[in-house]
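Knowing the structure of chain A, use the given hints to seat chains B, C and D on it.
Number of protein chains: 4
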Amino acid sequence: MSDIPTDAEAVSGWWRTSIIDMAPGKIAFRGRPVEELIGNVSFAQMIWLMTRGELPDAGQAALLEAALVAGVDHGPQAPSIAAARMAATCGVGLNNAMATAVNMLGDVHGGAGEQCAELYYGIAALMDAGADLPQAVPSGLDNWRSRHGKIVSGFGHRFHKPVDPRAPRLMALVREAAEAGVVSGRFAEIGETVQAELARQRGGRPIAMNIDGATAVIFCELGFEAPLSRGLFCLSRSVGVLAHAWEQTQQGGRNKGPMPPKFLPRYEGE
Amino acid sequence: MSDIPTDAEAVSGWWRTSIIDMAPGKIAFRGRPVEELIGNVSFAQMIWLMTRGELPDAGQAALLEAALVAGVDHGPQAPSIAAARMAATCGVGLNNAMATAVNMLGDVHGGAGEQCAELYYGIAALMDAGADLPQAVPSGLDNWRSRHGKIVSGFGHRFHKPVDPRAPRLMALVREAAEAGVVSGRFAEIGETVQAELARQRGGRPIAMNIDGATAVIFCELGFEAPLSRGLFCLSRSVGVLAHAWEQTQQGGRNKGPMPPKFLPRYEGE
Amino acid sequence: MSDIPTDAEAVSGWWRTSIIDMAPGKIAFRGRPVEELIGNVSFAQMIWLMTRGELPDAGQAALLEAALVAGVDHGPQAPSIAAARMAATCGVGLNNAMATAVNMLGDVHGGAGEQCAELYYGIAALMDAGADLPQAVPSGLDNWRSRHGKIVSGFGHRFHKPVDPRAPRLMALVREAAEAGVVSGRFAEIGETVQAELARQRGGRPIAMNIDGATAVIFCELGFEAPLSRGLFCLSRSVGVLAHAWEQTQQGGRNKGPMPPKFLPRYEGE
Amino acid sequence: MSDIPTDAEAVSGWWRTSIIDMAPGKIAFRGRPVEELIGNVSFAQMIWLMTRGELPDAGQAALLEAALVAGVDHGPQAPSIAAARMAATCGVGLNNAMATAVNMLGDVHGGAGEQCAELYYGIAALMDAGADLPQAVPSGLDNWRSRHGKIVSGFGHRFHKPVDPRAPRLMALVREAAEAGVVSGRFAEIGETVQAELARQRGGRPIAMNIDGATAVIFCELGFEAPLSRGLFCLSRSVGVLAHAWEQTQQGGRNKGPMPPKFLPRYEGE
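Protein chains in written order, with this note's numbering: chain A, 4 to 273; chain B, 4 to 273; chain C, 4 to 273; chain D, 4 to 273.
Be aware that one or more of the hints could be misleading.
DSSO-like mimics (lysine-lysine), calculated; alpha carbons at most 30 Å apart, straight line [as the list claims (entries may be wrong)]: (1) Lys153/B <-> Lys153/C; (2) Lys265/B <-> Lys164/D; (3) Lys164/C <-> Lys29/D; (4) Lys164/A <-> Lys265/C; (5) Lys265/B <-> Lys265/D; (6) Lys29/A <-> Lys164/B; (7) Lys153/C <-> Lys265/A.
It should be emphasised that the hints constitute simulated quantities derived from the structure, not laboratory data.
Excised from the complex, chain A in its bound form (with noise of 0.2 Å):
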């Protein structure tokens, strides 16, 4: 290639990528032909491989898988799911009905395993930089709650009272995992830290660490880039989606709105 590239190279060099290689008859990704990786990689370990761009031993897709397991739904109430079965009744194929709940998977709602995410590195951040635990633990707190709000993500749930069963199952998983030696523990202790010192803050209170929560201490643990927390949770919630749209299609059902058509919304004007 000279110093200025044809038209060609221009169009290609648009659209560059580390992630596949194709020619005719050849699909590689990351290096990997693809017809050596189906059959002998699983589901999750592809996940791992197209994002991080190489394969995790055994222990590591574990844990990874355990946390896709446990995010895959929380029923119709949640707004996303609700949205996808109600899309399933309006004459779109399957595919835009989960499109549909995906895109509701945002910062509030998706988007927390993220900023938990950020939360878990931030205090690891500052135990690198000297503090101790019990130290780094509320100035992390304080540091995220400064750009993001009052509200911690991954703490609290307004259903699963004091404890939302997701979350002690898989810090279990965790520690046998920090156990065996695939990951160090250190978030697990950050999470469990985070979830007493909240406590602490409500005046003893106990707060549930919730599926975004325990998610982050999973994902932080195999070292995933907080963003991909939000990423790798829609993949996971994308299966219950997947399920509800179906269940929905086959009740069948025509526009179906948010609640019985008996009901009216409130008029609120004057």
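What follows is chains B, C and D alone, placed relative to chain A:
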């Protein structure tokens, strides 16, 4: 419950589901407590459980996993991947970028697997009604084309000629699974006979079985209803979508268009 | 240009358009400089210009405007509006909330206008081929139902019985426009005859012409191709979507579900 | 209503709105029967009514209309337009193609108007607190940049240099409207002073006021809250999106990628 539901019953009943059962501190999917699933089933098994209602055995799960791995990505020349990458430069969340792509996996792009499954099931129905394979395939193709048009979903690839590297590998795994008694092998035979018939109709020019044609064989072998072929493909492709949206985020850019800015669309008005 | 396009020509030609012509400092739509359009044409005229290629006269623009005004909203019981309001509480942008709603205006929800326009054009085609109106309407209905099923798009409303208040007003405007020579009035007659025929087929029970049936009359009178009925409805309904998403934003809420949190979906598994 | 709402009241109250009032046979927007609006208000007036609660006078409506006309399209090099056109070839509905584009009008692409309105309102607030315009503009810019970064939304255009043809025309209309007493002209002055200050900061090199900067002037003059700048832009750009999706539909194509198939993305892995 009396014959006339109360308002509360009417509201709850509007959102009825067999997928998830919840109470404070309790989440169960298809009757199984989430904490028993986490760490004990793979992500692919969880996909099966959520969409089908029961857990697959190991052989079934492995075959599903192979199909999910095979479809993750086909690079930025695919409109869905390009759109996800462009979206990632427009100041939206990673979930919005992912939704943008999944939304585009419509009848032509991601729905091909669904249509191909319809073709295979249609041929199988003709055989159930007494036709033998050599009769059922051309008849099934005729029936299918009268509904969907001339281009047969699942076969042919504008880029991978004459062979899409994913298909033979997937078909080999189906054959192995059939020998092991995991599946019947019936749809592998149907798929390959369709491929041969299409070549015959083209005057002997071979035609590739593409990713949709091969994964539809697997989904039919495993008993997934046709629309789920599309849904499962969406789950699979979401992985590539995430990887590309994330790579683009790291590459940077603002309002990335489809081609370098120095090229302008051609104006064809008067 | 030689017979073989250069790479630059190939790239530009991949994105050819008759809609917009640009150069640095220059933007023209359908051959008209943007600075001449701004301040001189209405938004409705601009919609016409962009989708049709030329400007409408004042009478045509007024009729289009009436249809656009009529369809802006039908409240939060419509799944699209509910989804937009829920999305607005999930931490996504207002544009994402709007997209969520428009995405749900599919074949059943927002595509009804398109299907109804197909019905009307089909009847008109029968009349062009020699049938008179009393023959063409039942024949056209039969043809349409063989493709789309029993429920006739554009007629009937589960809520507004026996009259949807938008339809008579729109039809009166069409009649006025026909008297003034702006349109032919042909599709008003077709629409009303369809309505009467459907009532007859129901044993004399009257059936409402709904918003899709009435706006399709207008779009056909104005010569818009059937798929544009859906597109124009999307433009119109986007206004209500924006208003509701914004109202919800001001009301606040986080992860708003479809019903108050105290109600749970009904679990119907074993 | 007693102090404790019934279930029916709770459900209705979950979806409270001041926008629309409905009963069988009745639809009223912001207190006005739909049949009185149809045929009597323009589409632009309806947009104002729905988002603001009352009707604008003729001068206000004309200015809103000018802004809506100005923003309809900027061609297929805009990622939103490209994505809509690609979606239109993927076998999804026109509504899905439109949603794909609107979904991409995020903070960088369509949200620029919102951010620019925040800048203008911030400067106005400094003036309300006693600063004069020459002080308020650099201070307001500093405040804004500390939240949003160096690149000032609403100014500069990578293509239209030195002048975006839409801005001077829109500003002239604002000046006319200010002379006629329709608006104050305050934000026109703020906008132009920002433009001059940015040029000064660049060592005297002029910088274009772009479409977002000019329409934000209008939306602020008319009293729209900042987030509605994004929403109104989405309504405006939806017109171009529809026109392009429809043009692409008529051109045909299947799974249209971002560049001609002969070009491949550049693989940059090892």
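We went through each hint and held it up to the structure:
no.: 1; hint: Lys153/B <-> Lys153/C; result: holds, 27 Å
no.: 2; hint: Lys265/B <-> Lys164/D; result: holds, 14 Å
no.: 3; hint: Lys164/C <-> Lys29/D; result: holds, 10 Å
no.: 4; hint: Lys164/A <-> Lys265/C; result: holds, 14 Å
no.: 5; hint: Lys265/B <-> Lys265/D; result: holds, 19 Å
no.: 6; hint: Lys29/A <-> Lys164/B; result: holds, 10 Å
no.: 7; hint: Lys153/C <-> Lys265/A; result: holds, 25 Å
Comparing the model with each earlier hint shows no violations; every hint is respected.
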